[in-house]
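Asks: Here are the chains, one letter per residue:
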Amino acid sequence: MNRLLLLALLASPLLADSAPSMEQRMTAVEAAAKSAQLSGDNAWMLTSAALVLMMTGPGLALFYSGLVRQKNVLSTMMHSFVLMAVVTVIWAVYGYSLAFSEGNPFIGGFGYLFLNNVGAAPNADYAATIPHQTYMIYQLMFAIITPALISGAFAERMKFSAMLLFTVLWSTIIYFPMAHMVWGKGGFLNAYLGGKVPCFDFAGGTVVHITSGISALVCALYLGKRINYPREAMKPHSLVLSVIGACLLWVGWFGFNAGSAVAASGLATSAFVATHFGAAGAALSWMAAEWVKHGKPSMLGGISGAVAGLVAITPASGFVQPFPALLIGLLAGVFCFFMVTAVKSKFGYDDTLDAFGVHGAGGTLGALLTGVFATKLVNDGLKDAPLGWVDGHPMQVMNQAIGVAISWGIAIVGTLIILKVVDMLIGVRVTAAQEIEGLDVSLHGEEGYTLET
Amino acid sequence: MKKIEAIIQPHKLDDVRDALKNIGVDGLTITEVRGHGRQKGHKEVYRGMEYEVDLLPKIKLETVVTDDRLDEVTSAISTAARSGKIGDGKIFVYEVLEAIRIRNDDRGDIVL
Numbered sequence: 001m002n003r004l005l006l007l008a009l010l011a012s013p014l015l016a017d018s019a020p021s022m023e024q025r026m027t028a029v030e031a032a033a034k035s036a037q038l039s040g041d042n043a044w045m046l047t048s049a050a051l052v053l054m055m056t057g058p059g060l061a062l063f064y065s066g067l068v069r070q071k072n073v074l075s076t077m078m079h080s081f082v083l084m085a086v087v088t089v090i091w092a093v094y095g096y097s098l099a100f101s102e103g104n105p106f107i108g109g110f111g112y113l114f115l116n117n118v119g120a121a122p123n124a125d126y127a128a129t130i131p132h133q134t135y136m137i138y139q140l141m142f143a144i145i146t147p148a149l150i151s152g153a154f155a156e157r158m159k160f161s162a163m164l165l166f167t168v169l170w171s172t173i174i175y176f177p178m179a180h181m182v183w184g185k186g187g188f189l190n191a192y193l194g195g196k197v198p199c200f201d202f203a204g205g206t207v208v209h210i211t212s213g214i215s216a217l218v219c220a221l222y223l224g225k226r227i228n229y230p231r232e233a234m235k236p237h238s239l240v241l242s243v244i245g246a247c248l249l250w251v252g253w254f255g256f257n258a259g260s261a262v263a264a265s266g267l268a269t270s271a272f273v274a275t276h277f278g279a280a281g282a283a284l285s286w287m288a289a290e291w292v293k294h295g296k297p298s299m300l301g302g303i304s305g306a307v308a309g310l311v312a313i314t315p316a317s318g319f320v321q322p323f324p325a326l327l328i329g330l331l332a333g334v335f336c337f338f339m340v341t342a343v344k345s346k347f348g349y350d351d352t353l354d355a356f357g358v359h360g361a362g363g364t365l366g367a368l369l370t371g372v373f374a375t376k377l378v379n380d381g382l383k384d385a386p387l388g389w390v391d392g393h394p395m396q397v398m399n400q401a402i403g404v405a406i407s408w409g410i411a412i413v414g415t416l417i418i419l420k421v422v423d424m425l426i427g428v429r430v431t432a433a434q435e436i437e438g439l440d441v442s443l444h445g446e447e448g449y450t451l452e453t
Numbered sequence: 454m455k456k457i458e459a460i461i462q463p464h465k466l467d468d469v470r471d472a473l474k475n476i477g478v479d480g481l482t483i484t485e486v487r488g489h490g491r492q493k494g495h496k497e498v499y500r501g502m503e504y505e506v507d508l509l510p511k512i513k514l515e516t517v518v519t520d521d522r523l524d525e526v527t528s529a530i531s532t533a534a535r536s537g538k539i540g541d542g543k544i545f546v547y548e549v550l551e552a553i554r555i556r557n558d559d560r561g562d563i564v565l
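Residue numbers (the working numbering), protein chains in the order written: chain A, 1 to 453; chain B, 454 to 565.
Same shape as in the complex, but just chain B (with noise of 0.2 Å):
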């Protein structure tokens, strides 16, 4: 199993989650996030003072997936995600040692 993390811009989100959808991804966890890669931020002035704002809004995606299925879910990924400009986030992916659903003790490849 193999958890993928992907930071993406959070106006892309809805073509994700269409594209996982389509591949037949069903769990999916994400959580509102600030940060920055290489990208710049901008510039907010208030009444005179001036505020570099470079920690910026993006969205963390999680998903588990089996490994057959990696390559075809992180595409899908980068594909949706992608706008070919500067920001555009990056996937990270992991091992997992072990999934268990709560509900009713399954474990392994039947939880995802």
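The following block holds chain A by itself, in its conformation from the complex (with noise of 0.2 Å):
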């Protein structure tokens, strides 16, 4: 519309007898740069959501999926696949709502029930270049990603129909009201639209990965250990799925990062920048870490720290420079490391896929660390305040300390409600037989490989 008219203002002087005036032509040109943000910022937008998609579908399906045994290949490709469906509808009838208009500062409220007055206009508070249909959409990528990585903690024992209540639940009781906590018009930690404390979480540190993490170590905790577990070995059946799957996260973790600057700006680029360094940072320190403890540096241990370098990363991709970046990166790999094989080996919990040792351990360290290394030289949403420690502001540590313990608590509580809840109307977990069988055929009624021709 807007380029029609510019090119019709342009051709009028040959057209029409009187020429545009200077006025006319200036509001043209205006509308015209509009558009053309416009249609940038909505085309890279998109793109992040697919990338963000990608990282569910193939990318935690095969990651997860390659670390358990063969008998339980497709029960956990359906962990993360079956929630790309089921938590798009309900977001869709009420989930956006209460995460993303206007409530309280802890929940949402009603505004946008069955995508009520989310359409093509943009919404000013959160994304003003693009759609509002596009924001509540990249946003829903993130809903989806979220309780999938739960799943690492209760693979291979977990009931199915037990497992979808729980999302559902899991979703509506921790997942919007913490989304609203943080990003939420009026959310309690939101930074920018008018939080009581001022937590930074560029792309999700505490909404997604503690959140997630720390609702891990509750299901694996309360579901108990694997039948066997550790006295069998239980190897990893395919890592050539778990690498395949870990480089698509790599990847589709620049539209979870870079994405959440909502616009194609230079602070997307700045976060693109600091995720990637934040990865390589990682899968070095957790290979060196291994190669010291164990004598060879592996692949699994390469992939698990490029992961653990994208969780710690995510809060602070948007605040930081690249070589605190790395440093994050670093810390993060050798953290996570010692917290999957000293710690998960001491305290005896079987964290089938390590959900907690990585998202968890990764989410709270990225969001401290984001309140030592953030800094308006790199995001100055703030105007001239300064950010974190490395601009002159201790304090924000402690900001960051208090989103992360309220996204801990609001997880542990939350988390063991719902189980309780989901275990006394239909059980939590699978007999022994179908665990011993294996998810696949008892609960799916197929197998992963059919190699015989």
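Hint data in this document are derived by calculation from the structure and do not stem from the laboratory. Please note that the accuracy of each hint is not assured.
[Stated by the list, open to error] Now the in silico label distances, taken between C-beta atoms and shown as ranges: (1) A:193 / B:506: 53 to 61 Å; (2) A:433 / B:540: 37 to 45 Å; (3) B:547 / A:342: 51 to 59 Å.
[What the hints assert, rightly or not] A few chain B residues that don't get close to chain A, going by computed Cβ distances all over 12 Å: (4) 463; (5) 470; (6) 482; (7) 489; (8) 524; (9) 540; (10) 545.
Being a predicted model, the structure only gives us computed values, none of them experimental. Where is the CB? At the ideal position from N, CA and C, for every residue including glycine.
Take the two lone chains and join them into the complex the hints point to.
Replies: Next comes the structure, spelled out in structure tokens:
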């Protein structure tokens, strides 16, 4: 429309007798510039939304399913895949509204129920240069991957029906309120839109990784160990799948973090760079730790480190410079290695795929380090106010710690209640016979690999 | 007739097959198996979890020969499969009661 108008105006001297005034021309140019920005930002944000869905679809599904035993490969993929459908429905009906419409500091209202008032016109509070629907669908992809991350803790032993009910309740009671607190207008922790405690979380360190990682630990403890764990060898059945999945996660994470700039801006570039550096640093440091401790660097260590780095850089990605990002990655790799090896074996919980050790631990470390390294040189969203410790504002670490504590608290209490309810209604764990047979056959009636011809 | 069953290292299979071909042994059957003798296994580590893998991949090779060729064939196999290290495998020899060619019901040494 605007381009047509501009063309018409430029062509008009030839057609009309009176030339347009300077003012008319300026208006047309401004409209064209705005339209160009809308096109650019919208293209990037739709791409980012697709990238984030790719993290769940092939990414997490492959990463996780390669780590389980062959008899559970499909059930593990199903945990990720089915959420792409389930969360979408509840997001459309009430999820987006509870997370992003105006409500109280802890949860949104009903303004966007059934996506009412969510159309092509931008929502200036969240993203002034893209259609509101683009923002809605982008945020949906985050709501999908977060509960999928938890499935790493209960893989190989949770009932499918219980997993569905658990996820719906978990999204409703934990994810939507948490997203509202950190990113929603008027949210308690929102640093930009009137929060009481400004906690920096660029792309979901608290909302996504801490909530899912801590809930994962609660799930692992509540469900108990897999039969014969750790006496029986439960080796990953295909690290090849896991490597492909982890690399898809790495690429998809650019949509997750750089997309969180909600524009094709310099900030998006900065977040893109920080994300990549964080992943690289942690991949190296995890492998190095392993090399020292066990004598060999492993492929599984490399990809686990990369994911840990991506987790840790998530809250910081839009606030830190490249070298602090690398440092956050290096620290996250060693820290998460310590959590999934030493701490897990000391306490003996069966966090099957280390959702807690990577997402809970890495997310917590990243959220705190964001308070240290956040700088206005990268993100001037708060004008000239200093952001983190490096800007001379050490108190920000405390704000981050409050955000972390709230996330931990909600995740622990909420998940315990949800598990109790689900357990009472339908039971959370499969029978021993089903577990031994494998969930692919016992719950889904199919096998992942049929290699006979 | 004797049946020779040799458990060998997988990477020695081609050498053994060449050796058998050179002395004119035409028929053989191989199976991919796992096992161990006195050889130690190896350690695998997945995110800090250590697993002792002591069932190692091996090849089981079976062939049936006439009595007079037994020594020739077993020594061809052991020469070709030998690296001199622990884990090279073993050869077992069994009596065979009868051999029958399915195509035409031939019996005895002629089948081999």
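Asks: Against each hint, give a clear statement of whether it holds in the structure.
Replies: Taking the hints in turn, this is what the structure says about them:
no., hint, in the structure
1, A:193 / B:506: 53 to 61 Å, "holds, 55 Å"
2, A:433 / B:540: 37 to 45 Å, "holds, 39 Å"
3, B:547 / A:342: 51 to 59 Å, "holds, 52 Å"
4, 463, "holds, 20 Å"
5, 470, "holds, 25 Å"
6, 482, "holds, 19 Å"
7, 489, "holds, 15 Å"
8, 524, "holds, 40 Å"
9, 540, "holds, 21 Å"
10, 545, "holds, 29 Å"
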